[in-house]
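Novice: Each chain, letter by letter, is given below.
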Amino acid sequence: MGSDQVTSHGAQPIKSTVPLTEETEARLSDVGEAEILVGIPSYNNVDTIGHVVRAVSAGLAKYFPGRRAVLVNSDGGSSDGTSEAVSQAIVDYGALLISDQQSPLQKIITPYHGIPGKGSAFRTIFEIARRVNAKACAVVDSDLRSITPEWIELLLRPILEEGYDYVAPYYLRHKYDGTITNSIVYPLTRTLYGQRIRQPIGGDFGFSGQLTEHYLDQHVWESDVARFGIDIWMTTEAVASGARVCQSFLGAKIHNPKDPSSDLSAMLMQVLGAVFALMESHHGVWSGVQGSNAVKLYGFQYEVGVEPINVNVDRMIALFRQGLADLAPIWEQALGKETVAKLSPLSSASISDFRISDDLWVRVVYEAALAYHQRRMPREHLIKSLTPLYLGRTATFVLETQGLTTMEAEKRIEQLCGVFESSKPYLVERWTPEPR
Amino acid sequence: MMDFIQTALLAPLEQLGRQILAVLPNVLAAIIIMGLGFMVAWGLGHGVERLLRVVRLDHLCDRLGVNAALARGGVKSDPSYIIGRVAYWAVVLFAVIAGLGALNLQPINQFSQSLLAYIPHVLIAGVILMAGYLLSNFMSQGVLIAAVNAGLPPARLIASLSRWGVQLFALAMALEELGIAASVVVVGFGITFGGVVFATCLAFGLGAKDLAKDYLERTLSNRGNDRTPDDLRHL
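Sequence lines, in order, name chains A and B. So the first sequence is residues 1 to 436, counted in my numbering. So the second sequence is residues 437 to 671, counted in my numbering.
For reference, chain B alone in the conformation it holds in the complex (with noise of 0.2 Å):
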């Protein structure tokens, strides 16, 4: 009876208590990691929110237009706060990676890999969205004033079709960099964009062929001059 209960019930039991005694440094160091981990983030977080309102970039975010974008897409929050909880975040996330690795665990250390390896290639995504949302903006402002000055009727049309190219074109790389379908991605934005031009071809040859006309004999033929409005010398 005793030996049944030494074999079936107590080894067990020692077996478990040596494989718990052996994993609960791991455990420990893993929460150690994650608790530091929070605190780190906590203070980062809140030290780059601080440093991002001392040096103005809520207003830099102002003149650019960032502001106007995130409040027209329902975000409330002003950059500064949202850079300091995207450095929070980062840093547990990181932590988390961390502290699961500290557990010496064949699944979960894959997975931190392959997590950590992704990291840099959503940061260049991140880089390119913003990049080509600034660029947007500002390439969509210039064409709409130079739209303006030429007295085009469309000046908005053009503005607005030059910024959703702009993103459209920073969204493909986006995705393209994440590997997100990369090959539908290239082709859908080749073919959207050849698509587009070639509308536009069509649409300005046919619809506005005496245009056209007017203006390749105007720039070829360098009969401007006599076109002009007025005699009017500005300077």
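If we strip away everything but chain A, and leave its shape as in the complex, we get (with noise of 0.2 Å):
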């Protein structure tokens, strides 16, 4: 990231804009600086979080045993001692042949202020970083059950000692594990941007001093990215912003299942309005973008069995057919009546035949692009209504990839990567600055 792009740590006095707890700021007092600042938002986390603090606390010790280190426990309210867990949470460091740990972990547990969201939490985690003049921070989510030691340098040494702005983690994941993510957030960020990170909203990420600067800076924090879609907005802002991006593989990654309250539907709304969103402040970065790049990836790479998930196909293409009966009108005035018919034959197509093309999805991915940004109807009724769609589109992946490992599936995603890439000329050219 270049120093003329952001604000970088001077000798001006730092001033507060996050308002923090007394006892945090007493806290602070006592803290003083810190090379290194490792975040965990959390609520209601109890069960998983005493595991999280452990993890980091022995990567740090382990890896990072010099430098001096902060962990910041930003808590959204939590009734089920989360922060007790945080702050008893205790490492046999012999048990691990850690011997030489020069500089005691420090520990903020403090609660956020403002819209409740982990978008918030991070925020304030911000804050701590620039108050404490942090170079390199780190953010992990409180549900993780497969989060090792190893996590912690492999988010933080590129920053320290590779000179990376970002660090994006990189999962291996079942063919079948984060749809969203596979057939639009991935090939849509990757087009857009020109750089091949994996798993934009993994939710696990590294970051220097003078991004968390940026960050900060941004007048987001009243809007939807406090509450969700925090995830791809940090990475979107780090490569929008030209700042030095890179990967960290980090194996499986396991943690609790969401809310199951938090629908499909909701789910869409969440990531892709956040896409949407940041595709129109920063059209002018993406608009002159073509290709894509590969991104470093950091991290030794190995195969690991993942947990196998059952697909119901009947039903999702059951679902999409439904869509198209009922909800026809609608997708037409977002889509145009021209890609609807497109997709009308698959009314009565068997399921074996049963395919939505990469062509067809890229259209149908570009137009709801452009749909939100013309405002053709309530952005929230427009990708609500996209969730027949996506469900088709999913179930053409299943069919697709049945008798395929998870290395062949990545090639198809590849497949459908190179169709969005080809295809962006349609959405540049549709583009309007100002929407009508």
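The hints are simulated quantities; they were obtained by calculation from the structure and are not laboratory data. Check each hint, because a few of them may be wrong.
Computed list of lysine to any residue pairs in SDA-like fashion (alpha-carbon distance at most 20 Å, straight line) [as the list claims (entries may be wrong)]: (1) A:Lys296 / A:Ala252; (2) A:Lys337 / B:Leu500; (3) A:Lys337 / B:Ala504; (4) A:Lys337 / B:Asp498; (5) A:Lys337 / B:His495; (6) A:Lys337 / B:Ala567.
Given two chains presented individually in distinct reference frames, assemble the corresponding complex, making use of the accompanying hints.
Specialist: Pasting the structure below:
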């Protein structure tokens, strides 16, 4: 990240922009400065957060023994004893063969202010990172079961020693795990910004102190970014601001299942809403980008067995067909009659012949982005109405990759990315800088 | 004879002449007011229509589904033209009322005053109907999308019911505002709305009691997870 693009730490006094509690302010005075900061946002994660804190503590002691580090738990008002679990988490360094722990880990446990959500939790972590003058930061989810001390090294060392500004995670996942990422977010983000970041909404990231300043200076903290969409926002801001970006191989990601009440259309609304909104604010960046470049991947890659996933293709196709029958007028308004006409034959296709081709899917995603930008209909209705289409495309992917290994399915995703990239001129030509 | 002519013919004619002369300025004033009113109405009507075309109201209404609704109702004119005509006739109405008021005739004055006092109610009722219409379209679209995403077969029926429910509610409010059989409207709406809710409850409870039982069990005992149709993790 160029120094002209961000506000660097200088001699000027650092002003607090995010309110912190008196206890946190007092704790900050005790801690002083720290080179490394690891943040953990939480809300009622007493079952898992102890393991995460121990992994972070061990990682810092094992891989960065000589560096002053602070762990920040930014909590959304947990009532299950999450904060106590953080403060009481103790690591048996002897058992981990860690003997030269030169700098004891400092912990700051703080509530966050603002709109409830992961974004507001991150904002408080960023503010504390600014106050302690951290050079390298990492954030990890509090519901992780597969985090190891190595994750901390992989997320922080590229920042501290290789001059990177942003480290995105690279997980081993089942071919049907992360289907929104695989069919929309990864191909679209890669096509728009020209960087092949495989898990742009992974949830565990490393970033530099300079990038923290840049994040804090953005006026997004009262928007939906504060509630959800913080992951894609961080990745996109990093890429769009010209930050040096790399990836780290973290192995399998196993975490507690998400809240079952958060349904698929709400997930689409959160993720696609953030991606489309960022397209509007970074039009000047992505409109000139052609093709994409590989992003450096750190870490030792290995194969590991991943949890099997049951998929009900019949149900997905049935929901798609109901969407085609009932939502066709809405789709025509949003995506255009021509696009819907190409989907129509699928209403009577047999399951073995059911396919939403790459070309058609890319057209659907681009038209949806244009419809969002041009406000062809209420934005929430627009994105939620895409749910059956997304399920149809997911069914297509499952049918096409049924007998394939994860690596072979990955090639199929690369093929889709190629279509996204070759069709980008269609999007650029139709995107007017100002909404009509 | 001359006295007879004087008293029986000329005096009434003189009286009539005096009355005409007394009323004539008022009549002239009324004609001038109405004439000016028609001219202002013509100018304002066209001005409003052109302004609305410049700000692309028709395009907005097209996106909101107003144009489609007008077409369904047999109205071929676009919203800019209709609002221009409404502005024209509103000014004409005011001009006519003001012109009649200038005649200074007691019954006409009373009629004008009561008409003027009623106009705000008409405007409010119009706003209620328009807002109700737009809200019903928005709500039914949201309900349709949610019902399809939930895989409910009668999605379109549910969406239509929500649309008609909101429009019925808006109509009842508008009629109450206009004072048209206010008590009948309130009672009628209450009975209809209550009946619909009761019928829905009965239909759900009797016709889909297994579904209701399943839903309540899943909600109250939080065992929704073991009924998920597949294990797909989308994010």
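Novice: All hints are to be evaluated individually against the structure, with a verdict given for each.
Specialist: Okay, the hints, checked on the actual structure:
1. At roughly 19 Å between alpha-carbon atoms, lysine 296 (chain A) and alanine 252 (chain A) fall within 20 Å of each other, so this suggested pair holds.
2. Distance restraint check for lysine 337 (chain A) and leucine 500 (chain B): the Cα-Cα separation of roughly 18 Å lies within the 20 Å cut-off, and the hinted pair is therefore satisfied.
3. A threshold of 20 Å between alpha carbons decides the hint, and for lysine 337 (chain A) with alanine 504 (chain B) the separation of about 16 Å falls inside it, so the pair holds.
4. The hinted pair formed by lysine 337 (chain A) and aspartate 498 (chain B) meets the criterion: a straight-line CA distance of about 16 Å does not exceed 20 Å.
5. At most 20 Å may separate the alpha-carbon atoms for a hinted pair to count; lysine 337 (chain A) and histidine 495 (chain B) meet this at roughly 18 Å.
6. At roughly 29 Å between alpha-carbon atoms, lysine 337 (chain A) and alanine 567 (chain B) are farther apart than 20 Å, so this suggested pair is violated.
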